[in-house]
Each structure stands twice: as structure tokens, then as C-alpha cells.
Amino acid sequence: MKYGYYPGCSLERNAAAYNVSTMAIAEPLGIEFNEIDDWNCCGATEYTSIDLLAAYALIARNLALAEQLPDNGKLVAPCSACFLNLTKVAHQLEEEETLADKVNLALAEGKLHYTPGSIQVYHLLEVIFNDVGLDNLAKKVVKPLKGLRIAPYYGCMIVRPGYQRTFDNPEHPTSLDSIMNALGAFVVDFPMKANCCGGHMTQISQPVALEMLRRLLKNAADYRADIIVTLCPMCQLNLDAYQENVNAYFKTDYHIPTLYFTQLIGIAMGIPAEQLGIGKELVDARPALAKIGIEVPSEESVPEKKKHPKESLPMPTMSKED
Amino acid sequence: MSSTHNTSPRAPTFMDEVINHTPGDNRLANCIQCGTCGGSCPSGADMEHTPRALFQMIKGGFREMVLRSNTPWYCVSCYYCTSRCPQNIHITDVMYTLKRMALKEGYYRESSASEAPAFSSTFIDYVENYGRSFELGLATRYLLRYNPMGMVQMAGMGMGMLRRGRMDLIPTRIKGINQLKAILGKAKTLGGEV
Amino acid sequence: MIEPRIGVYVCHCGTNIAGVVDVAEVSKWASEHLKGRGVVISRDYKFMCSSLGQELIEKDIKEYRLNRVVVAACSPHLHEATFRTATKSAGLNPYLTEMVSIREQDSWVHTDKIAATNKAKAMISGGVERVRYHEPLEPLHVPIHPATLVVGGGIAGIQAVLELADAGQKVYLVEREPSIGGHMAQFDKTFPTLDCSACILTPKMVSVGKHPNVELFTWSEVTNVEGYVGNFTVNIHKKARFVKEDICTGCSICQEKCPKKVIDDVFEAGLGYRKAVYTPFAQAIPNYPVIDKENCTYFQKGTCRACEKLCPTKAIDFTQEDQDISIQVGNIILATGYDLFDSRRIPQYGYARLANVFTSLEFERLSNSAGPTGGKVVLRDGVTEPKTVGIVHCVGSRDKNYNNYCSAICCMQSLKFAHLVEERTGAEVYNFYIDIRTPAKDYDEFYQRVLEEGTIFIRGKVAEVTDAARMAGEEGKIIIQVEDTLMGKQRRIPVDMVILSAGLEPRRDAKAVAKLFGISCSSAGWVIEKHPKLDPIATMTDGIFIAGCMQGPKDIPASVAQGAAAAARVLGRIQQKEIALEPIRATVNETQCSGCRICNNMCPYNAILFHEDRAVSEVNPALCQGCGTCIAACPAGAISGTGFSNEQVMAQIEGLLLLNLEAEPA
Chain A
1 MKYGYYPGCS LERNAAAYNV STMAIAEPLG IEFNEIDDWN CCGATEYTSI DLLAAYALIA
61 RNLALAEQLP DNGKLVAPCS ACFLNLTKVA HQLEEEETLA DKVNLALAEG KLHYTPGSIQ
121 VYHLLEVIFN DVGLDNLAKK VVKPLKGLRI APYYGCMIVR PGYQRTFDNP EHPTSLDSIM
181 NALGAFVVDF PMKANCCGGH MTQISQPVAL EMLRRLLKNA ADYRADIIVT LCPMCQLNLD
241 AYQENVNAYF KTDYHIPTLY FTQLIGIAMG IPAEQLGIGK ELVDARPALA KIGIEVPSEE
301 SVPEKKKHPK ESLPMPTMSK ED
Chain B
1001 MSSTHNTSPR APTFMDEVIN HTPGDNRLAN CIQCGTCGGS CPSGADMEHT PRALFQMIKG
1061 GFREMVLRSN TPWYCVSCYY CTSRCPQNIH ITDVMYTLKR MALKEGYYRE SSASEAPAFS
1121 STFIDYVENY GRSFELGLAT RYLLRYNPMG MVQMAGMGMG MLRRGRMDLI PTRIKGINQL
1181 KAILGKAKTL GGEV
Chain C
2001 MIEPRIGVYV CHCGTNIAGV VDVAEVSKWA SEHLKGRGVV ISRDYKFMCS SLGQELIEKD
2061 IKEYRLNRVV VAACSPHLHE ATFRTATKSA GLNPYLTEMV SIREQDSWVH TDKIAATNKA
2121 KAMISGGVER VRYHEPLEPL HVPIHPATLV VGGGIAGIQA VLELADAGQK VYLVEREPSI
2181 GGHMAQFDKT FPTLDCSACI LTPKMVSVGK HPNVELFTWS EVTNVEGYVG NFTVNIHKKA
2241 RFVKEDICTG CSICQEKCPK KVIDDVFEAG LGYRKAVYTP FAQAIPNYPV IDKENCTYFQ
2301 KGTCRACEKL CPTKAIDFTQ EDQDISIQVG NIILATGYDL FDSRRIPQYG YARLANVFTS
2361 LEFERLSNSA GPTGGKVVLR DGVTEPKTVG IVHCVGSRDK NYNNYCSAIC CMQSLKFAHL
2421 VEERTGAEVY NFYIDIRTPA KDYDEFYQRV LEEGTIFIRG KVAEVTDAAR MAGEEGKIII
2481 QVEDTLMGKQ RRIPVDMVIL SAGLEPRRDA KAVAKLFGIS CSSAGWVIEK HPKLDPIATM
2541 TDGIFIAGCM QGPKDIPASV AQGAAAAARV LGRIQQKEIA LEPIRATVNE TQCSGCRICN
2601 NMCPYNAILF HEDRAVSEVN PALCQGCGTC IAACPAGAIS GTGFSNEQVM AQIEGLLLLN
2661 LEAEPA
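Residue numbers (the working numbering), protein chains in the order written: chain A, 1 to 322; chain B, 1001 to 1194; chain C, 2001 to 2666.
The following block holds chain A by itself, in its conformation from the complex (with noise of 0.2 Å):
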């Protein structure tokens, strides 16, 4: 399965991490990866906030430089912010003549040209979901991670809103649980897992934004998970590197690391951990990561669930009726 692939500059540098360990585990899922050569920063939320056009027209150079590459329009982004900005973008020039023509008449200046509807954009996760899919990646596993009470973070630019298609519920979404259950780790289901990190809001207003990670962690911790496990390099830097913040301003005490989904993939394939770039979070991973030697007998009930009296009435079920 081949991909053109749009790492965004987080993955340069501060999501490392994130872009080492999906090269890792590409080859071994069947996956090859075609960097667009010479891409451009996706102007994250940042641009659309000062100049419409020229934000996308920024985005749509990378849009036409993949058009270039030989993968039947299909750009793949490990970043959720790229992903929406690229995807968001794509749709948008597909469905308005008059903005395309705007915006390729600025990319004629850089002697390019994007054909709107020419490229399809997918998450990372999406692909190991929907191409990869659960069994292949279960036969993969050589190191199953049982015991390991995993908090699946989705954040929001993944799910919401939808642009080219809907992947996965928008409020609720399932897709990388079922990718860590594959992996044989536990699962908690904890319900804020499709909420906002907050993006930039750190540098916009420090007490709103670390108000906005103590929820999240505080409601990780509430399910008692080990890990909490994110496909955005923004959820990863913002639950990472400011839970110190976090706690000494609320003083609170919260030590949950933060990995990429991709990393664990990573381990559960039996790849080293220093190959995936475990040990660049600011909270440490690693003693969590320990418990994996142990065999701790993974409680497949959620203590916190009281026991039915005899005279309860019976819960609806969850599958959905079509």
C-alpha cells in the first residue's frame, strides 16, 4: 500500500518521536510512505487567522505537490492539525469553483497548480485502521501488551468535523481502541477522550488552557490508566510537557506519560523501544512500560461498575439498531 506521506513540521523535531516510530512500524504493515518532496508548513491554526487566501493557498503548494506523486491522490498526515488543514482545504476547493480558481491563481505564481478534488487526505490512523486493518495487525503482535491500562486520546481535528469524509464517531469514537485491544492492552473507556487539548490556548491564556489539561488528566486518572495513548504531536506536547504546569498550579499529582499510538504499535511488534523514540517525554514512560514484563491478571471488569441489585431495571444495549 503505498502512500504519499506530509509529516508537518512537528514530526521534524518535537514529535521525533512520533515520525520515527511510524517509519518503524511501515514496513512490517505493508505500508510505504512517499514524503512529498520540499513540503511546506501546513500553517497550522495560526494562518487562517490573518489572511484566508494566502492560508490556502500555503496549504494547497503542499496539495499540489503531492498531485505530483505517483499514489492515486492519496496523502496520508500522522498530525491531526495537518490533517484537518490539508483535508479541509482539499474538500473546500472541490466544492467551491470560485476559490480554486483564487487560489490557483496564486499557485500559478509559483509556477504549480492543484486540480480540486485530485487528493483524497487520511490520518495515520486511518489507514492502519481501515487499510491495515485489526487482524493484520494482530498477527503482528509478538509482544502483547496485557496489563497495560491504556486511556485512548483522540482529541478533536481527527473526528470533527468530517470534511472529505467522517472517520470514526465524532464524539465517540472507537477506531484506536480497537487498535490497542488488538494489541492485547487493556482499554479504558474514558469518556472525555475526543476532547479538546486545547491547542495553542497555552500561549493564549496559560490558566484556561491548563484548566483545560487537568480535565483531561484528571479524568485519565479517574479511569486509573497506566498511559495515555494520542495521534496528534500537539495532544502529546500539551499533555507531556505541561503536566508539571498543571500540577503546580492546581497542585494537583498527576505522572501519566504520554506516548504516540504509533509507538506502542511499535512494542507490541517486538521493535526496540529506543528505535521508536520512547524516552523523548518530558513524563516518563518507561515505569509504566515496565509493568508489561509483569503479568498482572488484567481485570477485564471496571471495578468502578457496582454490583446490580436484584432489583435493577435492565440497561438498553449499545449496538445501534440500522
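The hints are simulated quantities; they were obtained by calculation from the structure and are not laboratory data.
Each residue gets a CB set at the ideal place from its N, CA and C atoms; glycine is no exception.
Hints are not guaranteed to be accurate.
Cut-off 20 Å, straight-line C-alpha distance, at most; resulting in silico cross-link-like pairs (SDA-like, lysine to any residue) [stated by the list, open to error]:
hint	chain 1	residue 1	chain 2	residue 2
1	C	Lys2170	C	Gly2227
2	A	Lys111	B	Gln1056
3	A	Lys111	B	Gln1179
4	C	Lys2489	B	Gln1056
5	C	Lys2477	A	Lys111
6	C	Lys2376	A	Met315
Under 8 Å between C-beta atoms, here's a sample of chain C residues computed to sit facing chain B [claimed, not checked]:
hint	residue
7	Asp2399
8	Ala2463
9	Glu2464
10	Gln2481
11	Val2482
12	Thr2485
13	Gln2490
Once you have looked at the hints, place chains B and C on chain A.
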């Protein structure tokens, strides 16, 4: 978008302006003031006006009040509002439009989030000159100028990042930076209406 | 063809047509250019459908000895009957009038006035050419069978049945569930009077069960409908109850002793249990139980048979088979009701994940004294009374992500819940709403009563219902996060119990049922009425009527009114004893028919028979609806339609293309 919005012969209103500067069929005129957006917003409790209140103000033509509000700057782009809105209004995109308008007309200076635009413009300054973002530069320039106390607070985290090798000390420049500059230069002349 | 003398009438329809089409010019054009085609007089008038307009036609027919009429106005759906009547009262066969729709098909769909005016001219030219080939036709009179079929035993259906039966007519009632009663049987109290729902419903149910004119089929469904108004042949599929109805006394020993408990997700809304052999509730009509094959131990594993052993009259019969019963009726009333919106579609409201989030129907069962908790309002543990309750309006309604429409009853229902919760538990009650919709009689007074009782109203559509606590006071509670829009502040309200006022939706199989009866559903899924303002209980298919929530969400008084209205319409038909059928139908020219029989199977109304002896097909004029399928299919062109012949259609096309004008003498 919507060059098709406002088919009546009346003069364009502030709401028309906001709608026309927002891409896509953003449906702002269909707001029934239900409050789902204000209820869903993770930073809603800290905004001067909830998104819903802001839309009522836009409909009422209270231009200055809207552009001075700190609301758009507190938007974290989580898209809960857009996803849940029962009228399918592209709320987050409207927030970006308001940021651009507030920036262009200078009203942001009177908002309680007056440094927020500086973060974005500092970020973009690096992107426009290098083609990539540059965190260390961004952090130092922005914090030094707008939030020196913040620098002290961030120092610990900053050191941690440097120690783990998670921050570049110098920016990376893409090969096609001149191409990018030409593209962006042209784009900026094309105006904001979509 | 006799020499045509045609009158053309171009209606202004106020500004509806005249605002776009230059009607005076069109009329003048017709009188000049179509003179050679038989137009003797051409007029334009403001409102042709008015009595003065109709008189114009009548006078002209007499004065100018017209033998054909073309009226260019609105859609034939609206006024074809009007102009035919006018023609008839002047002594001319009504089928010699042709309507040309220059409103719906011209002035209402175009903005270019010149183009629209030219189009009107072409359309009238087409109409003139066509009407030359019209022939005088006589409608077919068929008798109306006096029996009626009512499908759906909810309150709307029950009302319709009682009106018809009390008027002395025979009625068949078909109900899918083991008992009639519908959703109303599940409710506790009804707004605004707070009448006990079962107390006002069951007397009607009993009347239905006992009525000599009513034949009740429960645990049954309609599987086939053939025929046309006045003469329907319907197949009822009666599922096997495995209980002999003629000897069962309704003593309930079988239910008591049955060892297999099943979650009752129909009547108890999933909140309670029933047995594998069961009657859905104590006042069920009929009172015979039914055995649920999928859950019965005998049917699944071959053992048990306790009910059979213990039945004092030996009424259990495991060998009973499904039956198919064919009935003849003249009219059909459909009243199949609604299904509740599935709240699992809104994950952020927590239904099915958070134990103490209930739907409206679940709460009705909770507060019903015959329900699973004996009427105690308690949490899902079956024991604890809530101290604070949040009631959420507009769940799945007024929302483009789910259903765009307002479900009409949820505001009143939510107010009712607020009252009941306060009365039973003394809990603090919050109602979260976008608008309070209390339009009908005594409804707003009920709202004021609930205000007086201390309910706290927060105007804001609930954003989230969550158990993710942020601070100390939220631990162990369910938190409702909402913007209090009247204060302009985001609030988090911790509650013990949440009730979701879920919206009403069409039945999951509404489209299939509609298709069975030859009617259609709108994009929202509700069945389409003949006219939303002036005829909400009829459909475009003559003889099929609708009542109740099948037509759209409504409260009990409106459902009752519609049931009665549909019955009144049917009674009027029955009283007339016969009905005139449109003579627009197909006929086979036997000399041209080669006996290939291609048409036989194409007919959607099974109206074509084949004569083996002569090897020709024949159309039964009583069954034929004039759809034209066979006319198009016949390879020999041997079938033509009266009122829709090949000559008429070809002529109309020529007229539309203005080819008729070239044929004129210079």
C-alpha cells in the same frame, strides 16, 4: 461563501459581510440561538461572549462589540460546535473570519486577548520566511515581547524540551522558499471575499 | 372528426400567472393564430375558477356552440374537476375540456417573462391540437363495498373503528402487536389534564373488542393489497399465537408459570420483563396471550411445555400455523403511528452508556403504576430515588444532524414529566429547552402550573450529558453541560437522573407499508397527505386514508380528530353506494392484438386478461387505472388510451412545437 447570500436589494449588513468572508455554505443566517455551541465550547466559560451570543450580536449589527470581543481568540478549533450545531453552521470557520476582521481593523487591540494575534503573526512570520515553523524563535520572540513572566514559567519546560532534543536551535528553510513567497504574495492581493 | 369549435380561456390567477406571463397577449395570439385550428373564441380572465369565470365558459359554450374547451390555468390536480363541471352544466361532455397548466409548469418556474409568455403560447397551441382529438367519455360507476379496513390499533385507529362500527358499518382492524392500544397504552398520565392514559383508553379498547361490527385481527399484518377504491382485496397474514382463541379464558396461568423471562423491549420500552408466553399488559384486547417463538424454550430446545400442561382449558396449541385471510373492503384507513427516535444516535447524551439516562418512553413505564417499578420513580438500580432530575427537550428533533422537524409533543411531555417527578419524589427538576411550545387548549396554562410547582427552566439546548467530573461536587453525578442562553453563561448542572424527550419518527418500515398501499412518504418519512392544509386525512390514492402520527407528529386530541375525520369521509363514500371512476383507461384493439401477452404481466393493477380462445388480451375497465404502461409496451401499438390516445399525444407535441401553424393556409 455565498455570493448568493443577500438576493434582496437592501444594503449589505455586517452579517452579510461575515458570511461572504467565510468559505463554504456556512448558514450563519439560520442560527436559532439554541446555545449548543456555547454549551459545548471547552473555553466557553472563559469567553466574554459565548459563540451564540456573538452571533446574535452579529445579526444585530453590533460590529464593534463583536470585533472587540475576546471570543474568537479563545476558540481552540475543537469543532464541537460545528459538529453539534442543529443548523449545520460552520461556526469555527466564522470564528476565523472574525479573527481576520478584528486583526485587519485593529479592534483586537481593545480585546482582553490583545496578545493573541501576536502569537499567530509571529508564527506566520517564520513560515513566510522559512517555509516551516520555528518553535524556539516563536517562543522567545512572542514571550519576550508580550508575556515576559510567562517566559519564566516556561523555562522549566523549555529546558526539558531542549534536553530531550525536542527543539531545534535554528530554523529550517525549504528549498522552494522563493516559490512560496511568490505564491503567498499573490494570494494576499486577492482579497478576502470568497 | 367533426369540425372543432374551440374556446380558449387564459387565467390570470391574480398575479400568479399574470405577473410573469402576458396573459392578454397570449389570449389575443390564440384567437388570431389558432383560428385556423378551430379556435372560435379566446378570453383571458382574472380567476377562471371563480363562479364568474366558470359562467364565462358556460355562456360561451351555448352562445358560440363550442364543442371543445381549453382552459390555461393552474394544475389539473386543483381545478380539472371544476372546469369539467362547468362544461357539463352547459350541456357538453365534461371530457371535452382540456386543462393546460401555465402556472405550475410555466409562470411559477420561470423568471424570464418573454420566454414564459412564448412558452404559454406553445402550451396552449399543444392543448388546442390535443383537444381536437378528445372524445365524449362516460365515467364508469362501480359500487363501494361497505366494509372498511383500518390498519393500526392505536388511538387514531381505534377512534376510526368506533366511528364506523357505531354507524352500523362493518370494520376490520388489523394490528401488528398482540394487543391494540398502541403507544397510548404505555403512557402513565396524559397532558394537560393528567388523566390516567389507560383509564381513558381502555374503555374504547373494550368497545372495539366487543363490538359486533368489528372483526379484530391482532398479531397480524397486511401483506397484499389489490384493487381500487370501493373494491379492495386485502390479504391479512395472521401469525400463529399458538393459543386457541375460542377456548382461551384469559386466566394468565400460562404467563405466571412460564419459566422463560425476556426483556420486554416493546411495551416496557426495555425497562421490564415479560415471559415467552405473554399478553403485553393486563388490559390487553384481545386478552389471549401469544407465544414468542424466538424465546420459547419449547420452540428453541424442544423441552418445557409448562403452559400446555397447566392450561385449564387446554388452549395451548404448538402446532398452530400462520394463516392468510383474504377480505373485501371498500376503503382503507391507515393509522400505524410512530417509532421513537433512537437516542443512541446522539452519543454525547450518554444514553445506553450512562445508566441513569432514560428516554421518554422508559420514563413513562417508570412512572406508570402498572410498570416495572410499580410507579416508583427510581434510578436504574431499581431502588434509589433521584434528588435532582434534568429533562432534556428536543432530542433528535429540530436538528439537521438527525430530524429537521419539531416533534410537536415533547415540550408538553417534558412539562408533564417535570410535574410527575416533582409529585412523586419531591426532587429538584430542571427542564432544558430551546422554546416552550404549548399551543393547544389548556397547554400554556399547564406550563404556568409547572412553573408554579417550582421547576427550574434553563433555556439552552443541552450540549453534553457526561459523568466526567471536573470538580468535587460533580463526582458520582451526571453532569448536564449547557449554555444558559438567557444568562449568556455556560453552566454545568449535576443531576442524578436525566430524561431525554426523544423525538417522534416514522415507523422504521413506513416506506414499505406505504408502498404496499400505493401511497408515498415525504423526505422526512411521514406519509404524504392529499393537501397539508385542506385535506390532511386523504391521500393521492383514492380510497386510502390516513390518520394519526403516521401523517406527522401530533398529540392525542389531534390523532383522535383525524381518526374520526377519516371515518367520516369513508362513511360519506359508503353512503353514496357507488363511485364514478375516471374513464381514462386503456383498450385493446383486438384486430391488431397478436396475443403476445407482453402487456399481461406489465400491468401493475392486474387489469389485463387473456382470452385463450381468441388469443387476444383484454383490459378490464374496472381495474384499469389508465397508467399507460401497457400502451407503451405493446409492440404492435394495439393498445390505446381513452383520453390519452396516441393521436392526442402526437397532436399535442405538434402543437407544442408550433408545427400546426405552418400547416395553416396562408
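Evaluation of the provided hints:
no.: 1; hint: C:Lys2170 / C:Gly2227; result: holds (19 Å)
no.: 2; hint: A:Lys111 / B:Gln1056; result: violated (44 Å)
no.: 3; hint: A:Lys111 / B:Gln1179; result: holds (8 Å)
no.: 4; hint: C:Lys2489 / B:Gln1056; result: holds (14 Å)
no.: 5; hint: C:Lys2477 / A:Lys111; result: violated (60 Å)
no.: 6; hint: C:Lys2376 / A:Met315; result: holds (17 Å)
no.: 7; hint: Asp2399; result: holds (4 Å)
no.: 8; hint: Ala2463; result: holds (3 Å)
no.: 9; hint: Glu2464; result: holds (7 Å)
no.: 10; hint: Gln2481; result: holds (6 Å)
no.: 11; hint: Val2482; result: holds (4 Å)
no.: 12; hint: Thr2485; result: holds (4 Å)
no.: 13; hint: Gln2490; result: holds (4 Å)
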